Amino acid sequence: HGFMLALTGSKFLSGPTFCGALIVTAEANARHPELPPGLGAYSCAADWPAGWAAARALPVASNFGLLLRWQAALTELRRFSVWPDADVAAFLRDFARQVRAMLSADASFEPVPVAPFARQALGVAECWDAEQTIFPFLLFVHDGAGAGGRRPLSRDETKKVYLDLLNPSAAGARRYQLGQPVLCGERDGVPVSALRICVSARMIAAACANGGRSGALDDARAALDQIRCALAAL
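Sequential numbering of the sequence shown, starting at 1, is according to our numbering.
Treat the hints as calculated values from the structure; they're not laboratory data.
Check before you lean on any hint, since a few could be wrong.
[As the list claims (entries may be wrong)] Computed beta-carbon distance windows for the label pairs:
{"#": "1", "residue 1": "A121", "residue 2": "K159", "range": "33 to 43 angstroms"}
{"#": "2", "residue 1": "R78", "residue 2": "V190", "range": "37 to 47 angstroms"}
{"#": "3", "residue 1": "F64", "residue 2": "R100", "range": "41 to 51 angstroms"}
{"#": "4", "residue 1": "G189", "residue 2": "L39", "range": "35 to 45 angstroms"}
Just so it is clear, the structure is predicted and the values come from calculations on it, not from any experiment.
Ideal placement from N, C-alpha and C gives every residue a C-beta, glycine not left out.
I would like the entire structure built from these sequences, with the hints used as guidance.
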């Protein structure tokens with residue numbers, strides 16, 4: 001279709017932050033004969049495809065920081081790619097089943113439905129990529145005045161819980177990095193955000209290397225316990 005496609009090594013591959021790439025087409029080269037002048041502040045000619053006319057105006061240098069970040073991300077990809085699709089899919093299905101059960105069993109959480117992935121348009125055989133790897137959920141505190149005896153956390157309250165997990169104040173408390181809050185409409189008239197439990201390539205590779213057994217589920221369970229403690233303090 002002639003679209004440019006953005007890729008990242010910072011999310012599922014769990015590479016360093018700001019590890020991105022843009023796949024461009026020959027048509028894009030013709031459509032964009034010039035680049036914004038400010039691009040030279042953080043990009044150089046070597047970052048762009050050979051023969052890209054607009055890149056001639058950029059500095060001739062090497063972005064070693066970006067190259068190192070991609071080396072780290074590609075290392076994670078290689079470790080992940082050695083495992084058969086069947087093993088990866090089996091782990092993801094088991095992980096999804098248990099995480100959904102954890103979230104559904106506690107009134108402090110509400111799983112946000114995720115539509116099944118439709119990969120047919122890609123024209124490839126079905127594989128692990130059809131399995132869910134991100135599990136969003138809302139937070140609630142028990143409140144007799146709320147619907148069903150609970151009230152949803154506001155966006156600010158959810159962000160505070162997220163930051164408390166990321167940077168715990170208690171001495172010796174473990175740090176948990178969930179997917180940052182994303183806007184998720186309203187509940188009972190309250191604008192809310194969802195936190196996300198996410199599975200990475202690194203976690204999957206570790207589980208497959210350990211016969212399908214993973215500390216990722218224990219980590220998810222412990223993170224939810226930590227969230228319960230944060231909710232009790234609100």
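Structure-based check of all given hints:
{"no.": "1", "hint": "A121 x K159: 33 to 43 angstroms", "verdict": "holds (36 angstroms)"}
{"no.": "2", "hint": "R78 x V190: 37 to 47 angstroms", "verdict": "holds (45 angstroms)"}
{"no.": "3", "hint": "F64 x R100: 41 to 51 angstroms", "verdict": "holds (43 angstroms)"}
{"no.": "4", "hint": "G189 x L39: 35 to 45 angstroms", "verdict": "holds (44 angstroms)"}
The earlier numbered hints are all upheld by this structure, with none contradicted.
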